[in-house]
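Peer 1: Protein chains in written order, with this note's numbering: chain A, 35 to 370; chain B, 35 to 370; chain C, 35 to 370; chain D, 35 to 370.
Hint data in this document are derived by calculation from the structure and do not stem from the laboratory.
One thing to keep in mind: the hints can contain errors.
Cross-link-like lysine-lysine pairs, in silico, DSS-like; alpha carbons within 27 Å at most [said to hold, decoys possible]:
hint	chain 1	residue 1	chain 2	residue 2
1	C	Lys-61	B	Lys-339
2	C	Lys-278	A	Lys-278
3	D	Lys-278	C	Lys-278
4	D	Lys-110	D	Lys-61
Number of protein chains: 4
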Amino acid sequence: MIIQLTSTVTTPEKETILQQVKDLGYKHTEVTTQRGHYIIGIGKAEFDIRRLGHLKGIADIHRVSDDYKLVSRKWKVGKTVVDLGDGVVIGDGSLAVMAGPCSIENEAQVQGVIEHLVGNGVRIMRGGVFKPRSSPYAFRGLGIDGLKMWYAQARKAGIKIISEVMQVSQIAEMHDYVDVFQVGARNTQNFNLLDELGKVDKAVMIKRGISGTIEELLYSAEYVFAAGNEKLILCERGIRTYEKASRNTMDINAIPILKEKTHLPVVADPSHGIGIREFVAPVALATVMAGADGVIYETHQEPEKAASDGQQTLDFEESARLIGQLRRAHALLREF
Amino acid sequence: MIIQLTSTVTTPEKETILQQVKDLGYKHTEVTTQRGHYIIGIGKAEFDIRRLGHLKGIADIHRVSDDYKLVSRKWKVGKTVVDLGDGVVIGDGSLAVMAGPCSIENEAQVQGVIEHLVGNGVRIMRGGVFKPRSSPYAFRGLGIDGLKMWYAQARKAGIKIISEVMQVSQIAEMHDYVDVFQVGARNTQNFNLLDELGKVDKAVMIKRGISGTIEELLYSAEYVFAAGNEKLILCERGIRTYEKASRNTMDINAIPILKEKTHLPVVADPSHGIGIREFVAPVALATVMAGADGVIYETHQEPEKAASDGQQTLDFEESARLIGQLRRAHALLREF
Amino acid sequence: MIIQLTSTVTTPEKETILQQVKDLGYKHTEVTTQRGHYIIGIGKAEFDIRRLGHLKGIADIHRVSDDYKLVSRKWKVGKTVVDLGDGVVIGDGSLAVMAGPCSIENEAQVQGVIEHLVGNGVRIMRGGVFKPRSSPYAFRGLGIDGLKMWYAQARKAGIKIISEVMQVSQIAEMHDYVDVFQVGARNTQNFNLLDELGKVDKAVMIKRGISGTIEELLYSAEYVFAAGNEKLILCERGIRTYEKASRNTMDINAIPILKEKTHLPVVADPSHGIGIREFVAPVALATVMAGADGVIYETHQEPEKAASDGQQTLDFEESARLIGQLRRAHALLREF
Amino acid sequence: MIIQLTSTVTTPEKETILQQVKDLGYKHTEVTTQRGHYIIGIGKAEFDIRRLGHLKGIADIHRVSDDYKLVSRKWKVGKTVVDLGDGVVIGDGSLAVMAGPCSIENEAQVQGVIEHLVGNGVRIMRGGVFKPRSSPYAFRGLGIDGLKMWYAQARKAGIKIISEVMQVSQIAEMHDYVDVFQVGARNTQNFNLLDELGKVDKAVMIKRGISGTIEELLYSAEYVFAAGNEKLILCERGIRTYEKASRNTMDINAIPILKEKTHLPVVADPSHGIGIREFVAPVALATVMAGADGVIYETHQEPEKAASDGQQTLDFEESARLIGQLRRAHALLREF
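Excised from the complex, chain A in its bound form (with noise of 0.2 Å):
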């Protein structure tokens, strides 16, 4: 069960809501964020919604079956958008592209992926300066000062920045230099982390557990949602399987399932769903068409020399290419 509380709800009015909320037999955990005031009851009593629909400060209550709540549709039908700023919007039926670098490397190749960037009409440019790997001897990226050296040239261009945060004291520090916080595939459910990205008043990108199922996906979303923050979005990234024949298997079946179960928007990461850079551009259309939010994909001014993930990497011309391609998809896809 939600209940949506008015805003203008007072103390008296709420306690009275969760007196009548306990007596129905259900837990309940107040949920407050950028949008709203919810109480959520958890539990399974069967009771006439008339016994609490009448009372002061309530804006609307909705029993929700599913485990994970305010995520769901059954609860909020109309898509969630989140707004950027400066014009930059995912999920308001627009289709969002989002590129750049394996990795942030140095200022030419920021410069570099930046003027690519303008020049095909992207907004949002994706890189890691904290670089999770298996491996304690490989590249861990530039860490802040990276990051800090690319917010400048990016915000002179006029481009927003989705880069990946991997614990909780990374959140402080990048806060004021990123538009978008990603969780990566190894961090899905890393409950604390998430829980502290609740706090935050900026959007936040779950990628899907590099085995995670799309029911674990959206409880992810429902851990930041819940601690306060409804800047939300999930991306497919392509799952673990036995083929071998390409470095994960894009799962696009997630497409239509998730946005038929949540309201938040879904975007889809091609280059690591295939992992094979010459056929990047045919699963990232696919995506598209099976109803994907947004893309975002890998690109940078000379792959072969990039510093990791260079082999799903597109170069400037092939990113243009696809830019174009995915644009015209889209506009298909809306006619129908």
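Using the hints, position chains B, C and D against chain A.
Peer 2: Here is chains B, C and D on its own, set in the frame of chain A:
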């Protein structure tokens, strides 16, 4: 190594060639198909290809390092086109649409489906008369009589038939009443069946195994080709993974990968790929955008009453809408 | 619902029973095996079992809610014992050891293996004469002549034979020369083959599919049983997963789960289960400790020179040591 | 390359060594643990090992081609023994038994479990105070106060504590109250957590990721070791597969494979590995027979009333019986 022989090769010429192949340390297999006569050399010897190239009776020689050879694009760059006659062609750059019920049930059903297909310009009808079922107590299909009834109606309407063959003894029975033999996902590695289908001059569509690799699918096609039948089509139909929100996980990656590895046409089965009626359309569109040469899906006048697979079957209205969208998506892709 | 008929049931009695079954809203199948005569009722009707119980000709009635019925322990609590004759028995509480080469290669090889088995008190020899191979160019086995040669030697030594049957036409060919027909992992859902094996009075061992579920394996056994053959053995041989450090992932869980769900004997194949020679022994011991009724593994006088599967094949010294350990582990388990 | 330095190495000697390592084209990392001082050379240069071997300050040099180095058995053949004090040791050839509830619930529960363990000679108790839960609305554990209560009782009884740490900030909080930090399956690749656990002089047990590879588990251990902590234990706890008859698929293969690849102790968690109470015992016995150095499982006085994981938790009677069987199986294995 693949040696293509000329159509006028003489017996003594061939013997000379085979002797040379043996002298080079290769084992060999002779393959005669509808379209050519080949000698396949199995081995790893390094040699000067000119030692063979000058021999009489040889049209061309190709080194092929893949373990599947005849189906590899390393040998044959041009796409294989499968012609079913009467202008119905798969793999020529057009989009092949194949639709119909999971099971053939009765005359009225068949008639209804045919009218739907004809009305929407679809020329190939799918349907099962021999149904592989996990449980021995489930409906196993109408059998050969159902096929004959179906054939009679389809011929009148100019519709081609694709239907699953489950065992060697059915090949002869079914031969005159099908245009494409379908090998189901449980029979992808039924090697005896593949061998026998190699001896038939009818098209064969091989579905990927329930958890088959892309490579295994190519090997299975190699069996049919090496036994004499080049009229081959591959079908991606989803794989078994841990994710249970969909029936299977449609491996969208497999489409561009297969098209790069083989010259055979590649079609997609979104009905089994996701298994949920309301999501068949977005997945179908995605496969076209990823480059599929065709789409095969389930439709029925009353999906709720279908003898099998109703939960993933489109009604005629949904089917008609999808056909139009698929064609527009395919037309867009051809512009890229 | 399973109705066991008495051995003296008369035709009129059976007709009365069948009429009652129909009246209760059940579809039915009659099953006659080597050991009994059953009527299987398919349906979900709730009824008072006493309406049937008093009828003449009925030995016993069982409700079975599983979709597989005849192989379920809900019907038959006592374990099925498969008797191969001459004192060789599987499923009676003893540990069945089956060993031998992947492929039967020649007379000297067979003779060597038989001596090794006899010397270690092993009574069942495995070996392939029809080999399923991914590639059409690989060695496909010696065929029926190899089987006859093997049979001649095995009979003299009192050794029983288990060998894979790949297609219906081989059943008659092989019948007189095998003691157990093995259904391989690629044929677990070759339903026509299962149906035909149900008509034979020889033991059948069904391997779990390459990525088959436990439930599918039980259904496959139900096919054979429902077609008339109760002499069934199930075999866990590892499943396909994302993990590539081993050939397959031995599903140790399947052993206690299968033994709880079915009355059929369950054996384990550690050779395919892990696929790495040096680790076959610990995995074999683990399966015995988990409750397997037997173990089937690959051994060869010179694994390095084996025609197939050499990398997972034990030499005779390793094999002899393992046999001793397996028996001691099994003896310990019986004390628990 | 791993260079072990002598305990008396001087700063100038070390500088000379590092200069040589650089000259050979290697990047290097210095590692100082409780037990030694190492230089790790990362690179692929081929060189004459004698160019380094004669330098002062070097105790030993090893080429290690694996990407994980410090945890590899190619460097250190002898097994790592983790000593928890008071005679409680893991990895010395004895069988370590660790048991306890999923969640620490209250004083009476803890007292009951401790009595059960003491009565059966078990010295290590498991239990969660910080619980990772898919849903934000589920019970998340008693927290640090629960740990202190538990610690007070365990110390009196001579029982060691293993408990899960979920984030960096908990390390300091928990430090004085645990004997082994457990890294859970959702945190196996939480690299910041691993880094910080490398700075602590307490044993760490790393569980394999929910769908982690064996190699990834070794890399995760390398993180902790490379950050300074050699007191490491690995834990196989089942992986996620398509099979839904069990909670996870216990990867029995991982046990002999890990023991061959690493010198670290390997324990098994049959409770999560199968997830079904009645089958925990056979799976536990199997893992011991496969060579596990220990077993960790869930037990509770009243599994039906446990706050979490009741369906896979043994009662004390089952637990006592299992402990006896595990010891007998382990004793038998040591005779082989």
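Peer 1: Each of the hints needs a verdict: does it hold here or not?
Peer 2: Against the structure, the hints:
{"no.": "1", "hint": "C:Lys-61 / B:Lys-339", "verdict": "holds (19 Å)"}
{"no.": "2", "hint": "C:Lys-278 / A:Lys-278", "verdict": "holds (9 Å)"}
{"no.": "3", "hint": "D:Lys-278 / C:Lys-278", "verdict": "holds (21 Å)"}
{"no.": "4", "hint": "D:Lys-110 / D:Lys-61", "verdict": "holds (22 Å)"}
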